[in-house]
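Protein chains in written order, with this note's numbering: chain W, 1 to 269; chain U, 1001 to 1464; chain D, 2001 to 2291.
Calculated from the structure, these hints are not laboratory results.
Just so you know, even glycine gets a beta-carbon here, dropped at the ideal spot from N, CA and C.
Covered by chain D, according to a simulated footprint, are these stretches of chain W (three or more residues, beta-carbon under 8 Å):
#1 77-87
#2 103-112
Straight-line distance between alpha carbons at most 20 Å, and here's what the computed SDA-like set of lysine to any residue pairs gives:
#3 D:Lys2060 to U:Ser1424
#4 D:Lys2122 to W:Glu29
#5 D:Lys2127 to W:Ser33
#6 U:Lys1426 to U:Ser1102
#7 W:Lys256 to D:Ala2099
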Amino acid sequence: MYLIVTLAAVIVGYPLLWLFFAAFKENSEIFTSIRLLPEDFTVEGFLNGWKSTAAVPFSTFLINSCKMVIPTVLLTVGSACLVAYGFARFEFKGKKLLFTAMLSTMMLPNTVIMIPRYILFNEFGWLNSYLPFYVMAALAANPFFTYLLLQFFRGIPKDLDEAAYIDGAGRWKILTKVILPLAKAPIVSAALFQTVWTWNDFFNPLLYIDRVKSYPVSLGLRLAIDADSVVNWNSIIAMSCVSLLPVIILFVCMQKYFVQGIATTGMKT
Amino acid sequence: MRKRGLAVLMAAVLGTTLAACGNTPDSKTTKAPENTVKTTEERTTEDGNDKTSEAGGQEGELSLRFSWWGGDARHEATLKAIEVYEKANPGIKIEPEYSSFSGYYEKLVTQLASGNAPDIFQVDQGWVAELYARGDAFADFSDYKDSIDLAQIPESMMTDYCTIDGQVMVLPFGYNGTVFLYNKTLLADWCDAEGNLEVKTWDDFLEIGKALHEKDPESYMTTAVTDGYLRYILKPMLEQITGKIDVQDDFTLGFGPEELAKAYDSFMKIFTEQVSQPYEEAVLYDSMQNNPLWLNGKIGGIFLFFSNIDTEIAGLDYDYGVTAMPMFQDAKVSGQECCPSLMVAINKNIDGAHKKAAAEFLDWFINSEEASLILGTVRGVPGSASALEALEKNGMLSDLMSQGIKISNDTLSLKNGAYELNASVKAVFVEYMEKVIYGVSSPEDAAQGMTEDLESVLAELGKK
Amino acid sequence: MYKKDKYLGYCFIAPWLLGFLVLTLYPFVVSFVYSFTDYDMFKMQFAGLQNYIDIFTKDKIFMGSLGKTLLYTAVSVPLKLLVALLVAMMLNKLKRGRAVYYTIFYLPSILGSSVALAVLWKYVFKKDGLLNLLLGAVGISGANWLGDPNLVLYVMMLLPLWQMGAPMVLFLAALKNVPVDLTEAARIDGARPFQVFKSITLPMISPIIFFNAIMQTIEIIQIFTPAYLITKGGPVKQTYLYSLYLYDTAFRDLRIGYASALSWILFAVIITFTLVFFALSKKWVYYGDEK
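If we strip away everything but chain W, and leave its shape as in the complex, we get:
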């Protein structure tokens, strides 16, 4: 078993390891050599990239990304919990229709939505801030998260709600005291996915943000890539690695929430 898992991990992980070491290579070695380890280790890529990527200190991009991502993730999780609870545990007129409408918003390619949405945000005066991201998150605009939590909520037996209700708990308390504690793993997953996706999002920030000083890392990393210029790939790769670091740390920290599932907290069916 460990043999198989390790083998799979090597296949998946080796290219990433190569990428990591590529950050320590000279520019031309990255594209000419197949070896994992650099011939001469150079940390120049890290130093130059950190000091300035496209004339901006890289830390600016990192801070911007945090400013953009953290509220977005919290709002996404909050709104998704509410909406999912609404769909999972309440009966109301037009529920099926609304649910279908919600899911169907994922099915129209983004390309043609981008332009009218841009015009809308321009009208609202939200361009050049992270408001488009915050508001979309607060208003559960990505049904992925809502539907994800909905699927997990539906797996929680209704008997639990009803028992709590008989004990005098209101509907709000049922959500916070019964449902949410049982859905830790999916909530943490949702937060993780939103972190990764927003962190990596390229086209939306590209459209909404004009000022380079407000660029998140995903845009900052591409600033220096130009077919007609000398591209310092080692510093781009180095900064890619640096930009992945916060997300990796977050992932490692959150792991215990996936690992302790309901099974160990003693839920009975």
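Given chain W's structure and the hints, the job is docking chains U and D onto it.
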């Protein structure tokens, strides 16, 4: 802790969106949301403050948004120039909005469509005709003759590329011509006593290429990126055969299927005779800087714009030379692209004061010695005569680049058609070129199909 | 049994409802209207059904692009789900070192569509790349994976497989929710591992299998990264996936009306699949809240 935070947050969401809904949860949790909401509001106002203070809050200050794309060197030099200009002109603030090439056009057209485009923006020569025809995006520079010296731009460049319907819509940052940059070290056997290579005709080119590959099976005479095979080899061959601009300004083609098929036949020889690196290997790299053969000195030479010479040999330890493009024996014109590459425009939909300030800034940016010395060749060899002179005087052009300019200037060539480098037109060229290279279509079928598709794309473009 | 909650449900879904009405509905309706026009971002002209007619009668690219996209989806979605589930099950069984493995398998997904991805894929799959080096070591001479028009689409199918972190995490979360007492009781009763899996684990995680299947189908049918970032749709249009065609039509050719029509056709395709999925789901998906 975590759970409470989540509850507070959700209550905030519920609170903001649902204040009117009667059935609010018990009072204990409703207190919390107000706090959270306030912090969000604070954040937004903070952002708002940011905006006003950055975007020219001080009274009497005029701020100009200037967007361009490029790499590190261009960004750094441009920012430095802006800084110098701002110091000399305290009333003016230039807001830089720069990015990489990918996504720039998409963003620009979206901004133009919603009336939110920057005041000054860099454009590619291939976009100008279409953006003018569709979007009416450009202000007329000739209205601001007092603010900007237009006479520094060579007359022919002005008429061929900058003026549409009698209005000066764009000005060139830099200009370019195609030359052959060769590796003297690798091609030593074929160079003359002074170490210079001469490839007058395509036959010479093929001869040397074959001999080189025979001598060292790892080496090839040339390689290119997809776009390069089209613009530096196939299209020049076609123009050498026809002696005409291949996509003309009246939306017709300067060639017929037979001439195109003939060009394909010659073009394919560089692959069948193993003069070029196999296309299926070359296609993986989007720049010479990623191509291992080029980096390892295994490529005889590449066709390129003379402005890019220094970039392509940066960090490489070989000896290089430049020479003119090969031609067919009976060809009258070389087919090289000799034209301004990066251009700049002023947004039509801004007020007169901004337009005037933009023109003044561009006059300094394009023509002045001060700016030229900061900018060097980050936007190519300057189109402005005074800027070029400043660079030459101060020895800021490398020997190879100076040679390249001279060679290209001495070569007889046609102007680029207004729609020749249009992205939709180019996409059709690339599609059929690949079909021929991969043997999916015969040159004759591809010539037929490509002519038809081009005609329909041009009809679409001509519709307006 | 609950009292007076006829409207309470609306309150909870209100954030989404508001967002839908204010932020989503408008772009949707607008793009639908665009699809019946000749719109180039600057000028608009009513075109009736012309865009749709042209797509089905004149368009030389549409069919090939849609076909490749459907093939791509049909192969990579089931494979991605299978790989994600297998890895999740293995990780679920591990006693030690789980955190390390978990991180490794999730890492490619964190990389997302970073620019480094293109560098990485070319390093692995080019003619003298890593894969061919390994194949060479066991005496197989490898192909030019990304340059060969007959192979490139299949090679690109590996990308979502490699980036299967999201469904894997969800499978793991679902597997954690399968009560240990249930599976153990069955095992004590003498059920074989496969039987336990089939009759207990599988039904318990079926809502998440279903969720992943739907979401991955929706996502992969619109996949953009491999074509845009790595192959640019080539060679010879072999990886010219639908979303890239759409993107080029909108932003390169500035034919927004036509691109909108292409989008709505894809929308119809996706929603058909989804409805079929939902109809079939009644047979095999079990929810804990059902009685």
